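> Can you build the whole structure from these sequences, using the hints too?
With numbering that gives the first Met the number 0, letter number 486 in the sequence shown gets 485, and the count goes up by one each step, no holes.
Treat the hints as calculated values from the structure; they're not laboratory data. Hints are all accurate, no fakes.
Using C-beta positions, here's what the derived DEER-type ranges look like:
hint, residue 1, residue 2, range
1, 231, 555, 29 to 35 Å
2, 43, 84, 20 to 26 Å
3, 327, 535, 43 to 49 Å
4, 187, 161, 26 to 32 Å
5, 191, 43, 50 to 56 Å
All values reported here derive from a predicted model rather than from experimental measurement. All C-beta atoms in this analysis are idealised placements derived from N, C-alpha and C, irrespective of residue type, glycine included.
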Amino acid sequence: MTDTVEALPPEIQLDDYLAAHNATIVTTEGSHAVSVHGELELDGHRIPYHLVPDEGFLGKSGKWRKLDAEARLDLVKERWNEAARQKLESQLAACAREVFAVDGVDPLRALSAFMAKYERARVRCTIALDRVAAARSRQSADKAAAKTRDAVNLSRYPESFATAYAMQRHFIAVLGPTNSGKTHAAMEHLQKAKSGVYLAPLRLLALENYTRLQQAGVAVSLITGEQRKLHPDATHVASTVEMLNPERQVEVAVIDEIQLLDDPDRGAAWTAAVCGVPAQTIYLVGAPESREAIESLVARVGGTLEVRTLERKTALQMDKAPLLSLKNLKPGDVLIAFSRREVLNWRDKVIEQGLSVSAIYGNLSPEVRQAQAERFVAGETQVVVATDAIGMGLNTPARRIIFTTASKWDGYAEGVIAAPLAKQIAGRAGRFGKHETGYVAGFDGLTHKTIGALLRQKPEALPNNGFFVAPSLKYLEAISQATGEIRLKQLLSLFTKHINVHDEFFLPANLSDQMEKAEWLDALPLSLADRYTFSLCPISTKIPMLENALHDWAEQRARGKAAPLLRMMGTGGRNELQYLEDSCKLYAAYAWLGYRMPETFPDGEMAQMLMLSTSERIDGLLQVQNAQKRKGRRGSEPARRGTGGGRRR
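Shown next, in the form of C-alpha cells:
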C-alpha cells in the first residue's frame with residue numbers, strides 16, 4: 000500500500016509554475032501574455048530583462064477568460080518553458096552583441112530597453128538598436144540639436160523642482176493593506192504640524208481630509224481642479240495631487256495612494272509630487288507592493304527614507320460558499336459590478352428582494368457618491384451596489400463584499416481583474432470597531448473560486464524604474480525654443496521620443512488623450528499656453544455633448560470672447576439620469592477652466608453651484624427610483640399571490 004498525494008488545483012499549479020519560471024500573466028495590446036524576467040551574462044556584463052517573449056501571447060482577453068484553469072496551465076507551459084527561455088535569451092544575446100559592437104555609445108543604457116514587462120521582445124530589441132543609432136547620430140549633432148536634447152533631458156527631472164531639490168527632505172513610507180489605519184497615522188502628524196499639505200488621488204478624498212482637518216481646528220484650504228475653498232490664514236492645504244504647489248514650503252506633506260505611481264494615465268502626478276513637494280517630512284501612504292519603487296525613487300531624488308509597515312486591523316476571510324441567490328443577501332452587504340449598467344441592473348434586482356439600496360459608480364459626481372455612501376452608513380439603506388469606485392475614498396463599512404463577476408472591460412476586452420484591484424475592493428469588508436471580521440464572496444461558483452485565488456496571490460512589487468512623467472508647459476516651451484516647433488501635438492511627440500532615448504528611469508505618461516485634443520487645438524489661433532491648458536481639461540471627448548462644449552469654449556477663447564455658462568435642462572425622460580450625470584461633468588469642466596482663464600469663463604462660481612445642485616438632483620433621482628421600484632414590488636405581491644390559485648378578495 001502506498002501513500003497518495005492529492006493533486007493541487009490547477010489554479011495553484013499555474014501560480015507555482017509561473018513563480019518557478021520567473022513569469023507572470025499580464026494584459027497587453029488587449030491580450031493576455033506571459034511576461035518573464037531574468038538576466039543575461041555576456042562578455043562579463045550582466046544584462047537584466049523583463050518582457051514578453053514573441054511567442055508569449057496567450058490569446059485575446061475574452062478567449063483567455065473562457066479557458067478553465069487546466070487549459071490555462073497547459074497553454075502557459077506550451078508558450079513558456081526551458082526551450083522557450085533558451086530561444087528568448089539567444090535572441091536577446093544576438094541583439095546585445097550588435098549593441099556592444101558599436102563604439103562610442105553606452106551599451107548598457109541602450110540595453111535597458113529590455114526592461115519593459117508589457118512589450119514584445121522583438122520590439123524592445125528594435126528599440127535598443129534604434130537607441131544606438133540615435134546615440135551615434137547625436138554624437139555628430141550640431142549645437143542646436145544639443146540644445147534640443149538638453150531642453151528635454153529628464154535625467155535631471157527632479158532638479159526641475161528647484162525648491163524641493165534644495166531641501167533636506169525626510170520620507171516616511173507608511174505601507175499596509177486596506178483597513179490598516181495607514182492614512183490615519185500620517186494625518187495625525189499632519190494635523191499637529193505648523194504647516195502642511197495633503198495630496199489626494201480623488202476630489203472626494205481631498206474633501207474628506209479637508210473636513211477632518213477643519214474639525215480638528217486647523218486653518219486649512221481646499222484646492223482641487225474644480226473647487227477651491229480658501230482660508231485667509233491657512234497653514235494647511237488639502238488638494239488633489241495634480242494641484243501640487245511646488246513653491247510653497249511646508250513642514251509635513253502626505254501623499255496618499257502612492258502605488259498609483261505605476262498608473263500609466265495618472266502616475267506622472269505622483270512622480271511629480273515625490274520629486275517636487277517642498278516639505279521637510281513627507282509621508283508616502285499606500286500598498287505594501289510600493290516599497291521597492293519608493294526606495295528607488297527616493298534614492299534618485301535625494302533624501303532620507305524610513306519604512307513603516309502596518310497590518311490589517313480586522314480579519315478578512317472568504318465565505319465558505321458563493322452567495323448563489325439574492326435571497327441570501329443581508330443588511331451590510333456590498334455587491335460589486337464593473338459597469339454603470341450592471342450596477343443599475345443589480346440594484347433593481349436587489350430592490351425586488353425588498354431591500355433598500357445605495358448605488359455607487361464612477362460616472363456619479365463625488366458628492367453623489369458620498370451621499371449614497373452616507374445613507375448606507377446611517378442605516379437608511381441596507382445594501383450597496385457599486386463598481387470599483389468604492390475601492391478608494393469612500394467610507395462604506397461593509398459586513399461582506401460580494402463580487403457579481405471577476406471580469407472587467409479593460410478597454411480592449413473582458414478580462415479577469417488584477418489581484419491588487421480585487422484586494423483593494425475586498426479590503427472594504429470589515430471595519431475596526433464595527434465588523435471585527437470582514438467576509439468576501441463571489442455570487443456564483445466560478446466567481447467565488449476566482450476571487451479566492453486572486454486574494455491568495457502574492458502581490459507583485461511595483462517596478463523600481465520607469466516612473467511616469469508628463470510634460471509641464473515649461474518643458475514644452477523649452478523644446479519649442481530649441482526646435483522652433485510651435486504645434487502642441489508635435490511638441491508632445493518630441494517630449495515622448497526624447498524620454499525614450501535619454502533615460503529609462505523615467506517614461507512618458509499616456510498622452511494619447513492630450514495629443515488627440517492637441518490635434519484640433521493646433522488649428523485654432525491660440526497661444527501654446529492656452530492650447531496646453533485646453534488639452535488638459537478633464538472632460539471626456541467620447542461624449543458628443545461634452546466634446547462639442549470643449550470645442551465651443553476653445554473657439555470662444557480664440558475669438559477673444561467670453562464663454563458664458565449655459566444651464567443644461569433635464570430631459571425628464573428615461574435617460575434623465577445619464578443626462579444629469581453628463582451635465583455635472585460639463586459644469587465641473589467649466590469650473591476647472593474658470594480657475595485658469597477667468598476672463599473667458601466668468602461663471603465659474605455658478606458652475607460650482609450648478610454642479611452641486613445637479614448632484615443633489617441625481618442623488619434625489621436615485622432615491623426616487625429606489626422608492627418607486629420597492630413600492631412597485633410591494634404593489635405586485637398580491638397579484639403574484641393571486642396567480643397561484645388562491646381565493647380572490
